[in-house]
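Okay, here's what each chain looks like letter by letter:
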Amino acid sequence: MKYVDEFRDPDRARALTLEIHRLVERIDRTRGGLERPLQIMEVCGGHTHSIFRYGIHQMLPPEVEFVHGPGCPVCVLPMGRVDDCVALAERPEVIFTTFGDAMRVPGSRTSLLKAKADGADVRMVYSPLDALEIARANPHREVIFFGLGFETTMPSTAMTVLQAHAGHIENFSLFCNHITIIPTLKAILDSPDLRLDGFLGPGHVSMVIGTRVYRFIAEQYRRPITVAGFEPLDVLHSVFMVLRQIAEGRCEVENQYARIVPEDGNAQALSAIQQVFEPREFFEWRGLGSIEHSGVRIRDTFAAFDAERKFPVANLQFSDPQACQCGEVLKGLIKPHQCKVFGTACTPDRPLGALMVSSEGACAAHYRYARIDTSALTGRAVVRTGSAPAALRVQA
Amino acid sequence: MCLGIPGQIIAIHDAVNNLALVEVSGVRRLINIAFIVDEELPPAACVGDWVLVHVGFAMSRLDEAEAMHTLALLRELGEMDEAGELDELDDLRSATDTFSATGSTP
Amino acid sequence: MNDRINKLRDVTINLGHGGGGRAMRDLIEDVFVATFDNPALAALEDQAVFPLAELARHGDRLAFTTDSYVVDPLFFPGGDIGALAVSGTVNDLAMSGAKPLFLSCGMVIEEGLAVDTLRRVAASMQRVAIEAGVSIVTGDTKVVERGSADKLFINTAGIGIVPAGVNISARRAQVGDAVIVNGFLGDHGVAILIARQQLALQADVASDCGPLGSLVATMLGACDDIHCMRDATRGGMATVLNEFAISSDVAIHIQETAIPVREEVRGACELLGLDPLYLANEGKLIALVPARCAQRLLAAMRRHPAGTHAAIIGEVVAQPAGIVILQTEFGGQRIVDMLVGEQLPRIC
Numbered sequence: 001m002k003y004v005d006e007f008r009d010p011d012r013a014r015a016l017t018l019e020i021h022r023l024v025e026r027i028d029r030t031r032g033g034l035e036r037p038l039q040i041m042e043v044c045g046g047h048t049h050s051i052f053r054y055g056i057h058q059m060l061p062p063e064v065e066f067v068h069g070p071g072c073p074v075c076v077l078p079m080g081r082v083d084d085c086v087a088l089a090e091r092p093e094v095i096f097t098t099f100g101d102a103m104r105v106p107g108s109r110t111s112l113l114k115a116k117a118d119g120a121d122v123r124m125v126y127s128p129l130d131a132l133e134i135a136r137a138n139p140h141r142e143v144i145f146f147g148l149g150f151e152t153t154m155p156s157t158a159m160t161v162l163q164a165h166a167g168h169i170e171n172f173s174l175f176c177n178h179i180t181i182i183p184t185l186k187a188i189l190d191s192p193d194l195r196l197d198g199f200l201g202p203g204h205v206s207m208v209i210g211t212r213v214y215r216f217i218a219e220q221y222r223r224p225i226t227v228a229g230f231e232p233l234d235v236l237h238s239v240f241m242v243l244r245q246i247a248e249g250r251c252e253v254e255n256q257y258a259r260i261v262p263e264d265g266n267a268q269a270l271s272a273i274q275q276v277f278e279p280r281e282f283f284e285w286r287g288l289g290s291i292e293h294s295g296v297r298i299r300d301t302f303a304a305f306d307a308e309r310k311f312p313v314a315n316l317q318f319s320d321p322q323a324c325q326c327g328e329v330l331k332g333l334i335k336p337h338q339c340k341v342f343g344t345a346c347t348p349d350r351p352l353g354a355l356m357v358s359s360e361g362a363c364a365a366h367y368r369y370a371r372i373d374t375s376a377l378t379g380r381a382v383v384r385t386g387s388a389p390a391a392l393r394v395q396a
Numbered sequence: 001m002c003l004g005i006p007g008q009i010i011a012i013h014d015a016v017n018n019l020a021l022v023e024v025s026g027v028r029r030l031i032n033i034a035f036i037v038d039e040e041l042p043p044a045a046c047v048g049d050w051v052l053v054h055v056g057f058a059m060s061r062l063d064e065a066e067a068m069h070t071l072a073l074l075r076e077l078g079e080m081d082e083a084g085e086l087d088e089l090d091d092l093r094s095a096t097d098t099f100s101a102t103g104s105t106p
Numbered sequence: 001m002n003d004r005i006n007k008l009r010d011v012t013i014n015l016g017h018g019g020g021g022r023a024m025r026d027l028i029e030d031v032f033v034a035t036f037d038n039p040a041l042a043a044l045e046d047q048a049v050f051p052l053a054e055l056a057r058h059g060d061r062l063a064f065t066t067d068s069y070v071v072d073p074l075f076f077p078g079g080d081i082g083a084l085a086v087s088g089t090v091n092d093l094a095m096s097g098a099k100p101l102f103l104s105c106g107m108v109i110e111e112g113l114a115v116d117t118l119r120r121v122a123a124s125m126q127r128v129a130i131e132a133g134v135s136i137v138t139g140d141t142k143v144v145e146r147g148s149a150d151k152l153f154i155n156t157a158g159i160g161i162v163p164a165g166v167n168i169s170a171r172r173a174q175v176g177d178a179v180i181v182n183g184f185l186g187d188h189g190v191a192i193l194i195a196r197q198q199l200a201l202q203a204d205v206a207s208d209c210g211p212l213g214s215l216v217a218t219m220l221g222a223c224d225d226i227h228c229m230r231d232a233t234r235g236g237m238a239t240v241l242n243e244f245a246i247s248s249d250v251a252i253h254i255q256e257t258a259i260p261v262r263e264e265v266r267g268a269c270e271l272l273g274l275d276p277l278y279l280a281n282e283g284k285l286i287a288l289v290p291a292r293c294a295q296r297l298l299a300a301m302r303r304h305p306a307g308t309h310a311a312i313i314g315e316v317v318a319q320p321a322g323i324v325i326l327q328t329e330f331g332g333q334r335i336v337d338m339l340v341g342e343q344l345p346r347i348c
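Residue numbers (our numbering), protein chains in the order written: chain R, 1 to 396; chain W, 1 to 106; chain D, 1 to 348.
Hints are computed from structural coordinates only; laboratory data are not their basis.
Where a beta carbon is used, it is the ideal one built from N, C-alpha and C, also for glycine.
Among the clues, some could well be false.
[Claimed, not checked] SDA-like cross-link-like pairs, simulated, lysine to any residue; straight-line CA separation at most 20 Å:
no. : chain 1 : residue 1 : chain 2 : residue 2
1   : R       : K2        : D       : D204
2   : D       : K142      : D       : E263
3   : R       : K335      : R       : L288
4   : R       : K116      : R       : A345
5   : D       : K151      : D       : G106
6   : R       : K116      : D       : D72
7   : R       : K2        : W       : A65
8   : R       : K2        : D       : D72
9   : R       : K186      : R       : E328
10  : R       : K2        : W       : R28
11  : R       : K2        : W       : G26
12  : R       : K2        : W       : D63
13  : R       : K186      : R       : E90
14  : D       : K151      : D       : L15
15  : R       : K116      : D       : D204
16  : R       : K2        : W       : G48
17  : R       : K2        : W       : H13
18  : R       : K335      : R       : E35
19  : R       : K310      : R       : D320
20  : R       : K116      : D       : D150
21  : D       : K151      : D       : P73
22  : R       : K186      : R       : V213
23  : R       : K2        : W       : M68
24  : R       : K2        : D       : R266
25  : R       : K116      : D       : V70
26  : D       : K142      : D       : R9
27  : R       : K2        : W       : D49
28  : R       : K116      : D       : G341
29  : R       : K116      : D       : S148
[What the hints assert, rightly or not] Which residues of chain R face chain D? A few of them, derived with a C-beta cut under 7 Å, are:
no. : residue
30  : R8
31  : Y54
32  : I56
33  : D101
34  : I291
35  : G327
36  : R368
[To be verified] Per label pair, the in silico range of CB-to-CB distance:
no. : chain 1 : residue 1 : chain 2 : residue 2 : range
37  : R       : G343      : D       : E145      : 46 to 52 Å
38  : R       : E219      : W       : L77       : 23 to 29 Å
39  : R       : E252      : D       : A206      : 47 to 53 Å
40  : R       : K340      : W       : N17       : 52 to 58 Å
Next up, chain R with everything else stripped away, as it sits in the complex (with noise of 0.2 Å):
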């Protein structure tokens, strides 16, 4: 496949692997040894999954980890949330769409899918234009589209919300979830016991939204960042830049996803998120607590299409057990298997918090692919010194 291939190359691995070890060892060495592992926070839950996929994290030297950051939009659904889908479902005349995402997340009592199971109308689509094809084949049943997700999805669905306002079609509407990176950025970086040394930005949200807005990771909080493709190539490549900007003790906004990222975003995406929405004031995240600003909602303009305005919608909060310790993982404090309920109470079979949530959540991801490290049990070398350099390995 052109463009995706060339961005698998293992051979360009090789050689990215061999220049991470070295500036590694450079980083080292400046500072007179590292005390902990640098610490790389990938925000997406879409890097999250490619870096599991493929076993990227294996490849790194020790003295470089990646913090699995929030960006999973399915996982910070609040359980209150996932009710009042399921709520809306269970009315006879509603048809619920859905990415397929979004089905198994358990809400307080019962999932999606679960409720498909007992009778609900639940249809899975590809694109919301979809769930709006749907209304107009439906005109005697209410559809309902569940839009969730970053910058990413927003243009899709609110040129959605355009169409049917345009061709008049009032038994559609939107039962909008869409959150706001900036501010959840910000949110884990004024966390007090942050200790992030850099961040792999957000490759399709930034196409949305630009480069630009980034500025402030660089700027005020004195981190790099490098906005990141999602093929493994640029997941490492991202990488590199990120411990060349360490190394180089620079602090910039980098774009390695540039083929498909413009610095300036995408000016009719951009317009039409403006027309049909506008931020909420608080918006609750499973695992983060309420976070200010980080949500939004559709315009007055546009209300028939809003489904929190045409039906009822509880909206209850509900708090993950005791044991749950979902923030200390976001935050990089702790890994996912250092989680006291890691893999025990806590399975993508029945998930405690957040991160087990959804197969892109940082624990889910780690559970599915990575539990056990197979490096060190399938017979290849692995090549491990006490001290500098840094300790290599490398699949042959």
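Start from chain R and add chains W and D according to the hints.
Here is chains W and D on its own, set in the frame of chain R:
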């Protein structure tokens, strides 16, 4: 919500409503191209262009020159190794090899 | 035989056709007996009877299996529910090394189904039965009220005979065994997804639905000691490999670059966020064989039409037991876990 894949626009289905046929590795789907067209670049001019496909929309044009540039950069990084640093890699390995409990390399 | 055809004048199935009377008899004779065309069925007894000595000619153990088929849509590129119902059960028998011989066919028909649909399904079943060298020798027909079944459900049970000396079991994997697959993975899964039309994709992908008995016979000729063999239906290859790893308490190590996947299936998976390792197949088997047989077996499979793209994709190792590990095309490794629930397209 990050899943997006490069695809090539192979035909315009409905220019007025911004619908185009995109192909990804032999799989075709109608997508909405509203976000990548404007007065200077109308739908008809998009045939043959590579775009990022996400939930039924073209979200961005793929800048082929930039893609080549990134690949060239990556190749350069690779070439620095082929000059002999890969030997350094091998030296390091043989000097400090430890093998895992299950045995030697296959 | 000719006086049986064209007795049935009805255009759609109604409850009377399942009532046990004249209408049902006409349906059975006109659609099933006429199509399946074999002496055992034509006798229209309540059971088919075979001399044991006849069966024992083929081997020393009886293999017996059953499966029910509930696919939607009924017809899709590359096959239909009838073809699936025959090849699926034939394949379950063949995976033990058995020569499949006889099938039963139980149908639950939703009132209102077109008779023509039933004829097409029956014709398809017979076509595959002939290809597989089996006969459909007994059956049952029920008609239920509208809404009580989704158009048509078919159950087929099958018997076959396992040749002496053939011992294939999920518990027999041994360290050093080669992992072999007979061709492209994921075709059926993607063909069905596309046929359902909910995702509005177009692609030239057809189901790989087909009987594997002949391929298995070829394989038995090329390798005297196949350890494990299973067809990769629901849950895909990943599920079969995990079953082998757990049952035999071994680890299985596979190479992503060696796994055959069609370009279009790759494309659909990338678009939808699906993993081809978990997609359903209806004409693909995974076999674990001693390393000494592997190359000869591969060559023999590639000469057979059902194995043209056969490939060795990995090997059995000792640790970590019960786990399947994938060496990714990029160089890193990951676990290939058991599927939890159904694989759903994702956008994250």
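Verification of the hints:
1. R/K2 <-> D/D204: 19 Å, holds
2. D/K142 <-> D/E263: 42 Å, violated
3. R/K335 <-> R/L288: Roughly 16 Å between the alpha carbons, so the hint for R/K335 and R/L288 holds.
4. R/K116 <-> R/A345: 26 Å, violated
5. D/K151 <-> D/G106: Cα-Cα ~14 Å, so holds.
6. R/K116 <-> D/D72: Within the cut-off at roughly 17 Å; holds.
7. R/K2 <-> W/A65: Cα-Cα ~14 Å, so holds.
8. R/K2 <-> D/D72: 33 Å, violated
9. R/K186 <-> R/E328: 16 Å, holds
10. R/K2 <-> W/R28: 15 Å, holds
11. R/K2 <-> W/G26: Roughly 12 Å separates the two Cα atoms, so the pair holds.
12. R/K2 <-> W/D63: 13 Å, holds
13. R/K186 <-> R/E90: 37 Å, violated
14. D/K151 <-> D/L15: Since the Cα atoms of D/K151 and D/L15 sit roughly 13 Å apart, the hinted pair holds (cutoff 20 Å).
15. R/K116 <-> D/D204: Between R/K116 and D/D204 the Cα gap is close to 31 Å, so the pair fails against 20 Å, i.e. violated.
16. R/K2 <-> W/G48: Status holds; Cα separation ~13 Å.
17. R/K2 <-> W/H13: 23 Å, violated
18. R/K335 <-> R/E35: 17 Å, holds
19. R/K310 <-> R/D320: This hinted pair is violated, its Cα atoms lying about 29 Å apart.
20. R/K116 <-> D/D150: It holds: about 16 Å lies between the C-alpha atoms, which stays within 20 Å.
21. D/K151 <-> D/P73: 9 Å, holds
22. R/K186 <-> R/V213: 12 Å, holds
23. R/K2 <-> W/M68: Roughly 12 Å separates the two Cα atoms, so the pair holds.
24. R/K2 <-> D/R266: 12 Å, holds
25. R/K116 <-> D/V70: Cα-Cα ~18 Å, so holds.
26. D/K142 <-> D/R9: 19 Å, holds
27. R/K2 <-> W/D49: 12 Å, holds
28. R/K116 <-> D/G341: 14 Å, holds
29. R/K116 <-> D/S148: 18 Å, holds
30. R8: 5 Å, holds
31. Y54: 4 Å, holds
32. I56: 6 Å, holds
33. D101: Holds, about 5 Å.
34. I291: Violated - the Cβ of R/I291 stays beyond 7 Å from chain D, reaching only about 19 Å at its closest.
35. G327: 21 Å, violated
36. R368: 5 Å, holds
37. R/G343 <-> D/E145: 46 to 52 Å: 48 Å, holds
38. R/E219 <-> W/L77: 23 to 29 Å: 28 Å, holds
39. R/E252 <-> D/A206: 47 to 53 Å: 51 Å, holds
40. R/K340 <-> W/N17: 52 to 58 Å: At 54 Å between Cβs, range holds.
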